[in-house]
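Assemble the complex: chain D is given as a structure, and chain W must be docked to it using the hints.
There are 2 protein chains.
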Amino acid sequence: MTKFYLLFALSLSLFLFAGETLAVSRAGEPIKPVPEATGYDEAKVELGKKLFFEPRLSKSGFISCNSCHNLSTGGADNLPSSIGHKWQLGPINSPTVLNSRFNLAQFWDGRAKDLKEQAAGPIANPGEMASTHELAISILETIPEYRNSFKSIYGTDVISINEVTDAIATFEETLVTPNSRFDLWLKGDDKAINANELAGYLLFKQKGCISCHNGVAVGGNSFQKFGVVKEYKDTETLGRFNVTQKESDRYVFKVPTLRNIELTAPYFHDASTWDLNKAVTEMAEHQLGVKLLSYEVKKIVLFLRTLTGEQPKITYPVLPPSTVDTPKPDRM
Amino acid sequence: MTKFYLLFALSLSLFLFAGETLAVSRAGEPIKPVPEATGYDEAKVELGKKLFFEPRLSKSGFISCNSCHNLSTGGADNLPSSIGHKWQLGPINSPTVLNSRFNLAQFWDGRAKDLKEQAAGPIANPGEMASTHELAISILETIPEYRNSFKSIYGTDVISINEVTDAIATFEETLVTPNSRFDLWLKGDDKAINANELAGYLLFKQKGCISCHNGVAVGGNSFQKFGVVKEYKDTETLGRFNVTQKESDRYVFKVPTLRNIELTAPYFHDASTWDLNKAVTEMAEHQLGVKLLSYEVKKIVLFLRTLTGEQPKITYPVLPPSTVDTPKPDRM
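Residue numbers (this note's numbering), protein chains in the order written: chain D, -3 to 328; chain W, -3 to 328.
Okay, chain D solo, but in the shape it has when bound (with noise of 0.2 angstroms):
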């Protein structure tokens, strides 16, 4: 015992010490504050924010963006995967919304190219909201007040698909969690986090997390191979290879983002744990064939813990009746 707190009194000396050597440089460190979002169109946002709320671009009536991607609850919907029309059981975890704006393309593999093209997809998924875009054209253009939003903010009277997802993409990049206590302290607040949540920051550097995990979004901004040392469990999610059709692509996914990750369990594309310390402990064996100590593991959860940004702050939309034109929701 003695031993042990010799060597932790002079790890955290050589961490504190570290600490301060950092304080003059954190402009170059590999993981970058969270820009606010500003400049926004606020009518075409406000656009996007009901059209994120509206369940009647599901075909039941019942799913809107947010039951899969909830604001209340860090962008994701915290089921191992979303529950579609008539409850069918996606086949991945939900990925969050938040901070999508800096992933390099959407989706697991990356198959939409950006947000406005990922919006397009779940509408018309028949495991999804099972919708057409045809009939969620038809709906919003019996709303009068959709119909006045749409000609004022686009100029035009024909809705189609590219205003829809084009409107909500913008709210969607809206979506971002700045001042968490990490930015904080990359800002050069040295109060913002505590010794042990640096400890787990240098652990996260000095182990190789941070080869993937970085930039604004702490991953996001590459794909990788989900078992580079040791394969992984779920052989049957092909990733990436479903797009590119690519030997080299299988089993690659987009790196998720760690921002606010305490909020959104469960981890992994096939959420196969609910518990963040399992998490890092089976990443830092598959991706860099590191066999982390407990204490190692607890470090770096403390500093995830401190990627938890101001969440946006959403007045909930009240969306605009139906009409007696309006296509009825469809249950079945």
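The set of hints was computed from the structure by calculation and includes no laboratory data. Accuracy of the hints is not assured; some may be wrong.
Pairwise CB distance ranges (calculated) [unchecked claim]: (1) W/D37 to D/T311: 14 to 24 angstroms; (2) W/S134 to D/T231: 28 to 38 angstroms; (3) W/N121 to D/P87: 22 to 32 angstroms; (4) W/H129 to D/L85: 23 to 33 angstroms; (5) W/P122 to D/P87: 19 to 29 angstroms; (6) D/L85 to W/Q202: 52 to 62 angstroms; (7) W/N121 to D/S268: 23 to 33 angstroms; (8) W/D110 to D/S218: 51 to 61 angstroms; (9) D/R107 to W/S290: 50 to 60 angstroms; (10) W/V320 to D/P87: 20 to 30 angstroms; (11) D/V154 to W/V154: 52 to 62 angstroms; (12) D/T240 to W/V154: 50 to 60 angstroms; (13) W/D326 to D/P31: 32 to 42 angstroms; (14) W/G285 to D/S148: 46 to 56 angstroms.
In silico lysine-lysine, DSS-like type, Cα no more than 25 angstroms apart, as pairs [stated by the list, open to error]: (15) D/K82 to W/K82; (16) D/K40 to W/K309; (17) D/K229 to W/K324; (18) D/K274 to W/K324; (19) D/K242 to D/K109; (20) W/K40 to D/K309; (21) D/K294 to W/K324; (22) D/K324 to W/K294; (23) W/K309 to D/K309; (24) D/K324 to W/K274; (25) W/K229 to D/K324.
Quick partial rundown of chain D residues pointing at chain W, CB under 10 angstroms, derived from the structure [as the list claims (entries may be wrong)]: (26) K46; (27) E50; (28) I79; (29) E258; (30) L259; (31) W270; (32) D271; (33) R327.
Glycine is no exception: its CB is placed at the ideal position from the N, C-alpha and C atoms.
Positioned in the frame of chain D, the structure of chain W alone reads:
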């Protein structure tokens, strides 16, 4: 045609005359303005709001109170009946939560005496949220932020369904919609409604609709048989009979509020129409034995649309994350 116009001009002048006399006596109108919700314990309302939007109160972790009483869409779900656990379809149209505090009892059949009693129902209803009170509480107990809130608001270390439903009911009590155009008119603003809308209100009184739809909520304050004069087609939904087992309560329902009625299609307990004109026509026929003329229906509907009030301004809650000890959602 000349005769018609003469009659119309005569009626109009009568209405205008009636309008003038009303101006001095609106305090005596059978409909009363919706009061603002004030004086509530803010911390309790905030906790109640979180619980109202809390999907972890359901077995699946997907359904919250707001799923069926959506505050984006008039406090209801705009579906014939609600979608519950595993996509079970409910037996009856979901009533609005807005202004529900003014109801003499809750549910269509009044089986819950107040909002607190009501809130306990859907959580444990196998066709709705499909949880149990025990499970819901064991989830809340493992989340420190919830534990602390209950402790600070109710002074208890032990969360029970009693505090959970008290907080939800308190939040729901704040969900009122004051300052509708009609209420402004009631309070003396002559220009808040136009001549046709006023004519609609006078018809609403003259034809007898007012005998059941009166008071603050324009309904909600009595139980009445659906089919007083002419039997209604739905003979399977027994209404209040299920609560009292009295033959005289067969097909008796709580009179629904007409506040925000334009937001809460489809109409009637069986959602048999999406068209407010048709709903008014049928009501007059079944309840009053009156065959309304088409222009009368139109005017009454114009009046009904003036009952849409200010919708509650809700800041979408950020829910505290689960911990490793939190029971996991079960979608099956």
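Here is how each hint holds up against the structure:
1. W/D37 to D/T311: 14 to 24 angstroms: Since W/D37 and D/T311 have Cβ atoms about 22 angstroms apart, the given range 14 to 24 angstroms holds.
2. W/S134 to D/T231: 28 to 38 angstroms: Taking Cβ atoms as reference, W/S134 and D/T231 lie about 35 angstroms apart, which means the hint holds.
3. W/N121 to D/P87: 22 to 32 angstroms: Since the Cβ atoms of W/N121 and D/P87 sit about 30 angstroms apart, the hinted range of 22 to 32 angstroms holds.
4. W/H129 to D/L85: 23 to 33 angstroms: Holds, at about 26 angstroms.
5. W/P122 to D/P87: 19 to 29 angstroms: Check passed, 27 angstroms falls within 19 to 29 angstroms.
6. D/L85 to W/Q202: 52 to 62 angstroms: 55 angstroms, holds
7. W/N121 to D/S268: 23 to 33 angstroms: Hint holds: Cβ distance 32 angstroms, inside 23 to 33 angstroms.
8. W/D110 to D/S218: 51 to 61 angstroms: 56 angstroms, holds
9. D/R107 to W/S290: 50 to 60 angstroms: 53 angstroms, holds
10. W/V320 to D/P87: 20 to 30 angstroms: 25 angstroms, holds
11. D/V154 to W/V154: 52 to 62 angstroms: At 59 angstroms between Cβs, range holds.
12. D/T240 to W/V154: 50 to 60 angstroms: Roughly 55 angstroms apart at Cβ, these two residues keep to the hinted range, so it holds.
13. W/D326 to D/P31: 32 to 42 angstroms: The hinted range 32 to 42 angstroms holds for W/D326 and D/P31, with Cβ atoms some 39 angstroms apart.
14. W/G285 to D/S148: 46 to 56 angstroms: Given range 46 to 56 angstroms: holds, Cβ gap about 47 angstroms.
15. D/K82 to W/K82: Distance of about 7 angstroms is within 25 angstroms: holds.
16. D/K40 to W/K309: Within the cut-off at roughly 20 angstroms; holds.
17. D/K229 to W/K324: Cα-Cα ~22 angstroms, so holds.
18. D/K274 to W/K324: Within the cut-off at roughly 16 angstroms; holds.
19. D/K242 to D/K109: Holds, at about 18 angstroms.
20. W/K40 to D/K309: 20 angstroms, holds
21. D/K294 to W/K324: 22 angstroms, holds
22. D/K324 to W/K294: Holds. D/K324 to W/K294 sits at ~22 angstroms (cutoff 25 angstroms).
23. W/K309 to D/K309: Given pair W/K309, D/K309 holds - Cα atoms ~13 angstroms apart, limit 25 angstroms.
24. D/K324 to W/K274: With Cα atoms ~16 angstroms apart, D/K324 and W/K274 stay inside 25 angstroms; holds.
25. W/K229 to D/K324: 22 angstroms, holds
26. K46: 8 angstroms, holds
27. E50: 8 angstroms, holds
28. I79: At 5 angstroms from the nearest chain W Cβ, D/I79 passes the 10 angstroms test, so the hint holds.
29. E258: 6 angstroms, holds
30. L259: It holds, given that the least Cβ distance between D/L259 and chain W is near 5 angstroms, below 10 angstroms.
31. W270: Where the cut-off is 10 angstroms and the nearest Cβ of chain W is about 6 angstroms from D/W270, the hint holds.
32. D271: 5 angstroms, holds
33. R327: With a closest approach of 6 angstroms, the D/R327 hint holds.
Checked against the numbered hints above, the structure violates none of them.
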